[in-house]
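Line by line, the protein sequences give chains A and B. Be aware that the first sequence starts at 1, since it is given in my numbering, and climbs by one per residue. Be aware that the second sequence starts at 1, since it is given in my numbering, and climbs by one per residue.
Hint data in this document are derived by calculation from the structure and do not stem from the laboratory. None of these values were measured; they are calculated from a predicted model. Be careful, since some hints might not be right.
Covered stretches of chain B, going by a simulated chain A footprint (3 or more residues, C-beta under 8 angstroms) [what the hints assert, rightly or not]:
| hint | segment |
| --- | --- |
| 1 | 98-104 |
| 2 | 143-151 |
| 3 | 216-227 |
| 4 | 258-267 |
All residues carry an ideal CB built from backbone N, CA and C; glycine is no exception.
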Amino acid sequence: MLNRLGYILLYSFLGIVAVIQLFPLFWLFLFSLKDNREIFSGSPFALPSEFKWENYLKVWEGGIGLYFWNSIWITATAVVLTVVIASMATFALTRMKWKLSGLVLGLIMVGLMIPVHSAIIPLFSMFLQVNLIDNPLSIIITYTAYNLPITIMILLGFYYTLPREIEEAAVIDGCNIHGVFFRIILPMTMPIMSTTIIINMIYNWNEFVFVNTFISSDKYKTLTVGIQNFIGQYMTDWGAIGATLIISILPILIAFIFFSNKVVEGLASSAVKG
Amino acid sequence: MNKVMSNKWMILLYMSPALLLVGVLIFIPLILSGYYGLMEWDGIGEMKFIGLENYIRGLQDGMFWTSVWHSTLLALFSTLSLILYLAVSLVLASKIKGAGLLRKIYLIPMLLSSVAIAQLWIKVYNPSNGILNWILMRVGVENPPSWLADPNIVLYAIFLPIVWQYAGFYILIYYAALKNIPETVIEAARIDGASPLQIALKIKLPLIREVILVTVVLAVVGSLKYFDLIYVMTNGGPNGASEVMASYMYKLAFSVNDFGYGSAIGFLMLIITLIATLFIRKATSSDEKLQY
Chain A
1 MLNRLGYILL YSFLGIVAVI QLFPLFWLFL FSLKDNREIF SGSPFALPSE FKWENYLKVW
61 EGGIGLYFWN SIWITATAVV LTVVIASMAT FALTRMKWKL SGLVLGLIMV GLMIPVHSAI
121 IPLFSMFLQV NLIDNPLSII ITYTAYNLPI TIMILLGFYY TLPREIEEAA VIDGCNIHGV
181 FFRIILPMTM PIMSTTIIIN MIYNWNEFVF VNTFISSDKY KTLTVGIQNF IGQYMTDWGA
241 IGATLIISIL PILIAFIFFS NKVVEGLASS AVKG
Chain B
1 MNKVMSNKWM ILLYMSPALL LVGVLIFIPL ILSGYYGLME WDGIGEMKFI GLENYIRGLQ
61 DGMFWTSVWH STLLALFSTL SLILYLAVSL VLASKIKGAG LLRKIYLIPM LLSSVAIAQL
121 WIKVYNPSNG ILNWILMRVG VENPPSWLAD PNIVLYAIFL PIVWQYAGFY ILIYYAALKN
181 IPETVIEAAR IDGASPLQIA LKIKLPLIRE VILVTVVLAV VGSLKYFDLI YVMTNGGPNG
241 ASEVMASYMY KLAFSVNDFG YGSAIGFLML IITLIATLFI RKATSSDEKL QY
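One chain only, chain A, in its complex shape (with noise of 0.2 angstroms):
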């Protein structure tokens, strides 16, 4: 159909958007690696003339690491408490026999569309009276919570696709059914769990605005919360905040360039039902 001009036109299209979406991360790469004199003097274009690795030491050393460690123990337990949750929530709404599931469902659905910022005064009171504020306790279980509706929803699909025969041999055979749940049925989802593991730390990894607000100490904060305090001390230190950012981005980066088509299919299937 296209001539080859016009195949020309296209990909030259599409490899500017390609650049307009990676040129800021390179260029944060490139500046995470100079010092101030070189970022204010030469061009933004640059490589390093020398490679200044020290500011990734340095603000590894200044407190980086204390919150990179926080994420990844918080992001952790919350994806795991949320994958088995909902599945076992999938596995009553979409395998066993009840009148109220269709409803239960909708009433789950619904958590999709909220703003989670007008639940957050009220989230944040109660948290204080049952003493949970500034306790990590309070950002996991809320991670759990407001991950579920998308994690159900991604989960739903496969759900519905097995065949009932299986479970029909399997209570056959004597299963009971938390023999048929965790036995049978959750090692066959595999393959959809690991889609919504990658999503869940994804989002927990990210997530700010309930760190930001539950959180005040130090030795709990996330990278999201913990950057921001501290790229306040190194304000006119560009190298170190560039090297801030990189770390708090990469372990994200490195996941997606191993699953990326899990991510892929995770954000689709999000996004289906709206």
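With chain A's structure known, arrange chain B on it following the hints.
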């Protein structure tokens, strides 16, 4: 079989963790937000019932309406930027080699935290050392704007990283929808002599209309609750020029300690978002279901 799979206690056991978390941490706070809105309260001391006073105050509060206007503008810009994303997706879905890889490259900004994106774009916009003004000065612009400090520009300056951040997400959705259109439909149009542009506008777009509708809802709802990036980049400033509903609410509660009024604003925000969602669905719904 049926006995095992419809045991009431087992259903309760499997549902209760999810129901408890969603009920206690999502639904109860939303209802409480409307209730706290009826109180005069600093967040710590005694609550005092004042009826609808906070809500009336909100409706008369110029700053609140300014924030609603800014949120609406963001929603409008976000919806318009969908056209750009659609254009990219149409090109991407037209038998392009490497489309899979390009799609993933476009997605990268979407994976990063809004805080990191905000900090990065603060640097991009830096008046003296940012890359944007560096380029502008090289191409001969004498006095490039001071972006985030200029009240007339700040909202647009904030919008650019939002377009950048979400591009990959919408392109991904459109691309998947476009790839779902059966090849035979396109082939038939081609044989009838339709040009690629006609095929795109008259056949492809109508066929993915449902998906476009979903993305409009996502873009509008997403914009109405937009917070993180603005909070970090400008915190609503300079002088309220980039204040949006969520940032105004957050400020009222956690800077001014006016929890009652902040809750009322939060509740109004919830209602505005729900109305917007219903309105778009109503306005764009039609009985005719398109068939291939």
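Each hint tested on the structure:
1. Remark: the segment 98-104 of chain B is confirmed as covered by chain A, as 3 of its residues place a Cβ nearer than 8 angstroms to a Cβ of that chain, reaching the required three.
2. Residues of the segment 143-151 of chain B lying with their CB closer than 8 angstroms to a CB of chain A number 0, which falls below the three-residue condition for coverage.
3. For a cut-off of 8 angstroms, the count of residues in the segment 216-227 of chain B with a CB near a CB of chain A stands at 6, and the three-residue condition holds.
4. Residues of the segment 258-267 of chain B lying with their CB closer than 8 angstroms to a CB of chain A number 5, which satisfies the three-residue condition for coverage.
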